[in-house]
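Sequence lines, in order, name chains E and B.
Under our numbering, the first residue of the first sequence is numbered 273, with each subsequent residue one higher.
Under our numbering, the first residue of the second sequence is numbered 273, with each subsequent residue one higher.
Simulated from the structure, these hints should not be mistaken for laboratory data.
Since this is a predicted model, take the numbers as computed values, not measurements.
Backbone N, C-alpha and C define an ideal beta-carbon position, used for all residues, glycine too.
Be aware that a few hints might be false.
[Stated by the list, open to error] Calculated Cβ distances over 12 Å to all of chain B for the following chain E residues: (1) Ser302; (2) Thr331; (3) Asn339; (4) Lys351; (5) Asp405; (6) Ser424.
[Stated by the list, open to error] Subject to a maximum C-alpha distance of 25 Å in a straight line, what follows is the list of computed DSS-like cross-link-like pairs (lysine-lysine): (7) B:Lys390 x E:Lys292; (8) E:Lys443 x E:Lys376; (9) B:Lys292 x E:Lys344; (10) E:Lys348 x B:Lys418; (11) B:Lys323 x B:Lys356; (12) B:Lys420 x E:Lys443; (13) B:Lys292 x B:Lys447.
Number of protein chains: 2
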Amino acid sequence: MDGQEQLERVRERVIETIAKNMNLYGITDSIGRLYGMLYFHNHPMTLDEMKEELGMSKTSMSTSVRNLMDLKMVEKVWKKGSRKDLYQAEEDWYQTFIDFFSIKWRSGISMNIVVMTKSIGELEKLISMDEVDDEIRSAAIVDIEKMKAALSYYDWLNRLVDSFESEEIFKYIPKTKDE
Amino acid sequence: MDGQEQLERVRERVIETIAKNMNLYGITDSIGRLYGMLYFHNHPMTLDEMKEELGMSKTSMSTSVRNLMDLKMVEKVWKKGSRKDLYQAEEDWYQTFIDFFSIKWRSGISMNIVVMTKSIGELEKLISMDEVDDEIRSAAIVDIEKMKAALSYYDWLNRLVDSFESEEIFKYIPKTKDE
DNA sequence: CAATACGTTCAGTTTTTTCTGTACGTACTG
DNA sequence: CAGTACGTACAGAAAAAACTGAACGTATTG
Numbered sequence: 273m274d275g276q277e278q279l280e281r282v283r284e285r286v287i288e289t290i291a292k293n294m295n296l297y298g299i300t301d302s303i304g305r306l307y308g309m310l311y312f313h314n315h316p317m318t319l320d321e322m323k324e325e326l327g328m329s330k331t332s333m334s335t336s337v338r339n340l341m342d343l344k345m346v347e348k349v350w351k352k353g354s355r356k357d358l359y360q361a362e363e364d365w366y367q368t369f370i371d372f373f374s375i376k377w378r379s380g381i382s383m384n385i386v387v388m389t390k391s392i393g394e395l396e397k398l399i400s401m402d403e404v405d406d407e408i409r410s411a412a413i414v415d416i417e418k419m420k421a422a423l424s425y426y427d428w429l430n431r432l433v434d435s436f437e438s439e440e441i442f443k444y445i446p447k448t449k450d451e
Numbered sequence: 273m274d275g276q277e278q279l280e281r282v283r284e285r286v287i288e289t290i291a292k293n294m295n296l297y298g299i300t301d302s303i304g305r306l307y308g309m310l311y312f313h314n315h316p317m318t319l320d321e322m323k324e325e326l327g328m329s330k331t332s333m334s335t336s337v338r339n340l341m342d343l344k345m346v347e348k349v350w351k352k353g354s355r356k357d358l359y360q361a362e363e364d365w366y367q368t369f370i371d372f373f374s375i376k377w378r379s380g381i382s383m384n385i386v387v388m389t390k391s392i393g394e395l396e397k398l399i400s401m402d403e404v405d406d407e408i409r410s411a412a413i414v415d416i417e418k419m420k421a422a423l424s425y426y427d428w429l430n431r432l433v434d435s436f437e438s439e440e441i442f443k444y445i446p447k448t449k450d451e
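Using the sequences and the hints, build the whole thing.
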C-alpha cells in the first residue's frame, strides 16, 4: 500500500528486464542494471551514488560506466560546483540502437573485408600458378567463390549500417506506426 | 611454395576472422571457429570429423553444433548409409543474419513489452489513488512516460525484425549495389 | 604547498563459463 | 538378442570474466 515502495518495486522489475534484454546484445547484467538504473534516475549521478545504489565497488562503477560511454549509452555531463564526474543515461533508444551497431559492427566489417580481399588475392595468385595441383586449384576456386559471397554480404551489412547512421532506415521503418 | 599448405593457411586466417566477427554477436571463439570450418568444408561433417579437425572433445562438438543449430547457422543433413549425424553450415549469410536476429530478439522484445505494459498499468493505478504522496505521483508520471517511450521503441524494433523476416528489408537495402 | 578528494590502474579473489572424460541410453548390426 | 557405435547428460577441471580493495596520480582546495 506504500506508494514509494510500490514505485520502487516496479522500477526494479523494469530495470531487471532492461538488463536481461541488454544481455542479448552481449552486455553484462551488472552493466545493464547500471544503465537501467541511470535511465530511471532523473538526475545525473556520481560514481559514489551509483556505488551506493547498486551496492558494488567504485571500481566496478568506473569501468562499467566507461563501457557504457564507449557504447554511447551514457554521457558525462558538466555541472559547475561539483568536483565529481556526473553521468546520465542516453534516453533516446533509437539513437542508442544506431550507435550500438555502428560502433560494434563497423570495425568488424571492415576488418573482415580486408582479410577476405587479401585472401582472395592470394588464392587467385595460387590458382594461376602452373605447378599447383589440380585438386588444390579447384578447392581454391571454391573458396574464392565463398569469400566473394561473404564480401557481398559485408557490403550489404555496411549499407545497412549506413542506413542506420543516416537515419534513412526510419524512412522505410517509421518510428511511429500508421503515419 | 606448397599449394596445399598455402590454401590451408589462408583458410585458417579467414576462419579466425569469421570467428572474431561472430564474437561481436556474442558467439564464442570456439563455436565461431567451428562454423567457419564447416563453412569452408565442402561436405557435411560428422562430430568425429569436427573433433579431429579442431582437436577438441566430442562433447564440445556436440554442444557447439547444437548451439549453431539453434541459431540456424548449421543444419543436420541425411545421408543414407551413414549411421553418424552429418552437419553442414548454412551458406547464405543473409539468411543467417535474418535468423539470428529473429531468434535472438523476438523473445526479448515481447518479454519487455509484457513487463513494460504491466508496469505502466500498475503505475497508472498508483497515480490515480488519492492517498498517494504528490512527489511519488509525479515520479510515477515521469516513469510512465519513459516506459511509453520504450514501448514505442520496441514496437519499432519488432517492425524492423518483421522487415528482416519478410525480406522486405532487401527492397530498401538491396543485396547488390546499383541494381 | 600541504591536505584532501577524486577517478583509475593493478593484482588478487570470486564467480561464471567453457571444456573434458566417463557413464549412460538408444539404435543399429550381425 | 548380444555386441557395437553413436550422441548426449553430467560432474568435475580448466580457463575466462567479473569484481574488489589497496595503491597511485592528478587536480582542486584552503
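Verification of the hints:
1. Annotated as non-interface, E:Ser302 keeps its C-beta farther than 12 Å from every C-beta of chain B; the closest such distance is 16 Å.
2. Distance to chain B confirms E:Thr331 as a non-interface residue, since its nearest Cβ pair spans about 25 Å, more than 12 Å.
3. Distance check for E:Asn339 against chain B: the nearest CB is about 15 Å away, which clears 12 Å, and the non-interface claim stands.
4. Listed as outside the interface, E:Lys351 is consistent with that label: its C-beta sits roughly 20 Å from the nearest C-beta of chain B, beyond the 12 Å cut-off.
5. A cut-off of 12 Å between C-beta atoms contradicts the statement that E:Asp405 is not in contact with chain B; the least separation is 6 Å.
6. At the 12 Å boundary, the C-beta of E:Ser424 falls inside the reach of chain B, the nearest C-beta of that chain being 7 Å off.
7. Between B:Lys390 and E:Lys292 the CA atoms are separated by roughly 17 Å; this keeps the pair inside 25 Å, and the hint holds.
8. Restraint check for E:Lys443 and E:Lys376: the C-alpha separation of about 23 Å stays at or below 25 Å, so the hint holds.
9. The hinted pair formed by B:Lys292 and E:Lys344 meets the criterion: a straight-line CA distance of about 22 Å does not exceed 25 Å.
10. The suggested pairing of E:Lys348 with B:Lys418 holds, with an alpha-carbon distance near 20 Å, which does not exceed 25 Å.
11. Simply put, B:Lys323 and B:Lys356 have alpha-carbon atoms about 13 Å apart, close enough for the 25 Å limit, and the pair holds.
12. Straight-line distance between C-alpha atoms of B:Lys420 and E:Lys443 comes to about 22 Å, which keeps the hinted pair within the 25 Å bound.
13. The suggested pairing of B:Lys292 with B:Lys447 holds, with an alpha-carbon distance near 24 Å, which does not exceed 25 Å.
When the structure is compared with the earlier hints, violations turn up for hints 5, 6 and for no others.
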